[in-house]
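Got chain A sorted already, so can you dock chain B onto it with the hints?
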Amino acid sequence: MTTKRTFRVWRGSGEGELVHYEVEVNEGEVVLDVLHRLQATQVPDLAVRWNCKAGKCGSCSVEINGRPRLSCMTRMSTFEPEEPITITPMRTFPVIRDLVCDVSFNYQKAREIPSFTPDPGTEPGDFRMAQADVERSQEFRKCIECFLCQNVCHVIRDHEENKEHFSGPRYLIRVTELEMHPEDTADRRTISQEEFGLGYCNITKCCTEVCPEHIKITDNGLIPLKERVADRKYDPLVWLGSKIGLRKGADTPIAPNTRKPSSAPEQ
Amino acid sequence: MTSTLPPPENPNATRAHISQRTFRTDRWWLGPLLTALGLAVFLVYATARVFQQDHYWVAEHHYLTPFYSPCLAAQCEPGSAIFGTLPWEFPWFIPYAIVSMPFLLLFRFTCYYYRKAYYRSIWQAPTACAVREPHARYTGESRFPMLGQNLHRYFFYAAFLIALINTYDAFAALLFGGENGGVGIGVGNLILFTNVVLLWCYTLSCHSCRHVFGGRLKSFGSNPVRYWMWTQISRINPWHMTFAWVTLGTLMLTDLYVALVASGVITDLRIFN
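Residue numbers (our numbering), protein chains in the order written: chain A, 7 to 273; chain B, 75 to 347.
Extracted from the complex, chain A is given alone in its bound form (with noise of 0.2 Å):
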């Protein structure tokens, strides 16, 4: 069955407009493929980010009715038959054009964290990890890094000058993941709290609702994060440790790939 539906999607750049538009739909369809036909048909230069339309490749991410959603994983029978569909960019990102925004605070981000910190001691293929380890840090390896947690999360959607100083759901469950690998020996618990900025998140869950992978980022992810940096820092016995002297040496802060193995054999 074929209709006429009202779009309402967000043309320019960051000072760009709702634009109306009346496209064809037809039965079993999703929003990308409106789009697709909207850019077919009507405005040939309209810019939508998209690659895999199966929901796996997260580039196609978009606010749909104010939701951040996957356009190509938003079936357009969920909306009632008369209401109009507004399409905008990622609220939380810089426009380039149309839909398509500029995700680089992202890679950013990524790219701030320290890397896999194996003892040096330890040659490739020996490692040794029980079933139960990997399956803990696989479910953040489900990640398909669509940013709709970066962008819902209101620390920095809402607070721009916060950007700095917190790297969002999506590079915390990464710490989580690497502080839980039974073979990473740098300590993370600190600077996930002063670097990372987990102490701005406040567990809303908003990431959680809208990851289309299901991964549970806040119960599994940010939640333990939380409890391994109480462990460190909030502590009242480490705390004390820490001020009269015994715990000097017990914790690495210090940069990755930087540590001295501790349990290497002597060479």
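One thing to keep in mind: the hints can contain errors.
Here are some of the chain B residues that sit facing chain A, going by a computed Cβ distance under 8 Å [said to hold, decoys possible]:
(1) A87
(2) T96
(3) R98
(4) T99
(5) K190
(6) P200
(7) G214
(8) R227
(9) H285
(10) R290
(11) G295
(12) R309
(13) N311
Stretch-level coverage of chain A by chain B, calculated; a stretch enters the list once three of its residues show a Cβ under 8 Å from a Cβ in chain B [to be verified]:
(14) 11-20
(15) 163-170
(16) 228-234
Source of the hints: derived by calculation from the structure; they are not laboratory data.
Quick reminder that beta carbons are idealized off the backbone N, C-alpha and C, glycines included.
Only chain B this time, still in chain A's reference frame:
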């Protein structure tokens, strides 16, 4: 990680200048509204009952409301104070259960679920996802006094001990609440036990509990017993929000039942005496 080239500088690119608070068309305000109302109902009820200092103990059946457990004031009714009483009478503004009430309140106040609930519904940070919050600046839990939220685990330890006391209360009512101080079962016992089981569900599904029992481990493979405990807690952890609300309800219902029986408004139906 594959490195990427730095993005080309584009100082003119800005966010979309959209003045509307949100384009959401669903009833996003309903959840926060109901949450605020639910919390307000409990706070009003609990405050009124805690300071009432009456109708908290049914001597005949050994029913003690959880709001007065453990009862510590000198004026606690005989039999209601399992640890004995302090030598002083408490003025009206000090709850009889002064050692448990503040910790239970702080356990719930710093709970990861309740934080979400009141940050959204009361503090409006944010009211709902993708709805612009009304605050000019935001520092979250990165500064004093909000850094205190990191003390949740210590309140969990206290809540664990208090749950043990509530469990004792429920068993005491069962074992000593019948005729001549023997075993007896009434509707009140069923209510007390239901409340205690749900309180344990709420306490053990806590995120701090999950962390303490196994979440803090770097390797599950070398700690199979703690991994098993973490797995069991992880099973009930997704229900933490549900238990948080259900226990607010059961606490009020249990207290109301004890208050009604203690004041003589209703009679406890006995199943076995």
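Consistency of the hints with the structure:
Residue-level restraint check for A87 (chain B) holds (minimum Cβ-Cβ distance to chain A is 4 Å; threshold 8 Å). The beta carbon of T96 (chain B) is positioned within 8 Å of a beta carbon in chain A (closest approach about 5 Å), and the interface hint is therefore held. Taken as an interface hint, R98 (chain B) checks out: its beta carbon lies about 4 Å from the nearest beta carbon of chain A, inside 8 Å. Hint status for T99 (chain B): holds, given a least beta-carbon distance of 5 Å to chain A, under 8 Å.
Satisfaction of the interface hint for K190 (chain B) is found here, the shortest Cβ-Cβ separation to chain A being roughly 5 Å, below the 8 Å cut-off. Given hint, P200 (chain B) at the interface with chain A, holds; its Cβ is 4 Å from that chain's nearest Cβ, closer than 8 Å. Residue-level restraint check for G214 (chain B) holds (minimum Cβ-Cβ distance to chain A is 4 Å; threshold 8 Å). Here the hint on R227 (chain B) is kept, as its CB sits about 7 Å from the closest CB of chain A, short of 8 Å.
With 8 Å as the threshold, the beta carbon of H285 (chain B) comes within range of chain A, its nearest partner Cβ sitting at about 4 Å, so the hint holds. At a threshold of 8 Å, the smallest CB-CB gap from R290 (chain B) to chain A is about 6 Å, leaving the interface hint in force. At its closest, the beta carbon of G295 (chain B) sits 3 Å from a beta carbon of chain A; the interface hint therefore holds under the 8 Å criterion. The restraint placing R309 (chain B) at the interface with chain A is violated, with a minimum CB-CB distance near 12 Å, outside the 8 Å limit.
Taking 8 Å as the C-beta cut-off, the interface hint given for N311 (chain B) holds, the closest approach to chain A being about 7 Å. Figure legend: the stretch 11-20 of chain A, annotated as covered by chain B; annotation consistent (3 residues with Cβ-Cβ distances under 8 Å, at least 3 required). Look at the stretch 163-170 of chain A against chain B: 6 of its residues bring a Cβ nearer than 8 Å to a Cβ of that chain, three or more, so the hint holds. Counting residues of the stretch 228-234 of chain A whose beta carbon lies closer than 8 Å to any beta carbon of chain B gives 5, which meets the minimum of three for the stated coverage.
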